[in-house]
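Visitor: Take any residue in the sequence shown, note its place counting from 1, add 22, and you have its number in my numbering.
Incorrect hints may appear among the rest.
Taking lysine-lysine pairs in the DSSO-like style, the calculated list, with each CA pair at most 30 Å apart, reads [to be verified]: (1) 156 with 127; (2) 323 with 291; (3) 240 with 91; (4) 371 with 291; (5) 127 with 91; (6) 323 with 240; (7) 127 with 92; (8) 371 with 323.
Think of the hints as simulated: they come from the structure by calculation, not from any bench.
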Amino acid sequence: MALLELQDLILNRGRQPVLHVPQLTIEEGEVLAVIGPNGAGKSTLLLALANLLPPAGGLLRFRGRPLLKKDDLDYRRQIGLVMQDPMLLDGSVAYNVETGLRFRKLPAAERERRAAFWMARLGITALAARPAGKISGGEAQRASLARALALQPALLLLDEPFSALDAPTRSALLDDVHTIFSEQRQTAVFVTHDMQEALALGSRVAVLLNGGLCQVGKPTEVFNMPASTEVAAFVGIETILPGRVLAVEDGLARIQVNGCTFEAVGEVKPGQAVYMCLRPEDFTLHPSDGTALSSARNRLKGQITRLAPQGPLVRVSVDCGFPVVALITLHSSREMGLQTGQTVNLSFKASAAHLVAH
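Construct the complete structure from the given sequences, taking the supplied hints into account.
Guide: This is the structure in structure tokens:
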């Protein structure tokens with residue numbers, strides 16, 4: 023049985039509908055990463071799951087039972103909430119971690135036991151007596167997580183809890199949270215606009231775009247097999263080419279794109295209009311002199327229009343009569359002596375292309 027089910031949920035801000043979720047389940051022990059751009063309705067959905075924003079329509083079921091007004095208090099007692107701002111109280115770190123437990127009127131010994139366990143688990147035991155106002159942002163977020171986890175929530179809700187942290191602090195906390203969630207089999211809904219965070223924590227990913235739920239699936243499915251061109255663009259697929267299926271044989275389709283013919287794996291029909299989606303890392307780039315040719319059957323030639331370094335990698339924009347974006351290592355770029363205006367060859371495998379029906 024799913025822990026939480028959403029059915030035909032409509033959420034408003036003011037009198038304006040901002041999000042529609044036809045159907046969504048949150049299973050026991052899973053981490054659902056909710057991704058989407060600013061304004062897509064991610065935080066609105068989280069507020070609804072926290073029972074802080076009543077839906078304008080639809081139904082929520084908790085452990086198979088409709089969530090009714092009379093169940094508000096009992097439901098909220100089974101939820102932990104961690105926001106982007108830790109919102110700690112005046113007092114020590116330990117005092118903050120025990121906050122929810124005091125509201126629940128747990129005996130002092132049990133409060134101290136749980137607080138000590140979660141402070142140790144999140145690496146902040148040494149800060150227990152320190153005033154909350156004198157710890158770093160990363161330490162404050164660890165205290166906020168300890169406070170929520172000490173409640174032993176059936177469902178933990180996290181609203182972009184890592185977005186305000188610097189890169190090293192964020193990376194360390196992500197690793198620790200992933201380990202804790204795996205060990206505790208913690209059910210959680212995690213809102214983020216960061217793809218890497220979703221990949222690191224999510225056992226499933228839900229994509230919100232333009233006020234609607236567009237796709238739900240395992241991270242590899244959503245990132246490599248998007249359900250639409252809108253989802254494809256959001257998850258980092260930069261080459262989206264309109265084409266038409268010429269023929270299909272043994273699951274291998276021949277696609278015509280702007281006068282060129284490519285092969286792609288996909289369940290499509292001859293004559294069907296499709297978009298061919300390719301991630302930047304799907305391309306292999308070669309010098310135009312023909313050296314280091316790939317075994318991939320799809321090959322094209324073009325002129326470099328832009329080189330954009332990204333740390334150890336370089337984004338290479340190429341005009342092939344249509345725009346293509348490849349991602350290669352900085353070492354490879356230097357080794358080939360790539361520069362703007364240079365003619366290069368590119369190749370990609372038929373299995374790399376993802377086809378989306380028009």
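Visitor: Work down the list of hints and note, for each, if the structure agrees.
Guide: Status of each hint after checking the structure:
1. Restraint check for residue 156 and residue 127: satisfied, since their Cα atoms lie roughly 28 Å apart, inside the 30 Å limit.
2. With a C-alpha separation of about 28 Å, the suggested pair residue 323 and residue 291 falls inside the 30 Å cut-off, and the hint holds.
3. For the suggested pair residue 240 and residue 91, the alpha carbons sit about 33 Å apart, so the restraint of at most 30 Å is broken.
4. As the CA atoms of residue 371 and residue 291 are separated by approximately 20 Å, the hinted pair is consistent with the 30 Å bound.
5. A hinted pair counts as satisfied when its Cα atoms are at most 30 Å apart, and residue 127 with residue 91 qualifies at roughly 24 Å.
6. With a C-alpha separation of about 34 Å, the suggested pairing of residue 323 with residue 240 is violated against the 30 Å cut-off.
7. Of the pairs offered as hints, the one joining residue 127 and residue 92 holds, with about 22 Å between alpha carbons and a cut-off of 30 Å not exceeded.
8. For the proposed pair residue 371 and residue 323, the alpha carbon gap of about 15 Å is at most 30 Å, so the pair holds.
In the structure shown, a violation is registered for the earlier hints numbered 3, 6, in ascending order.
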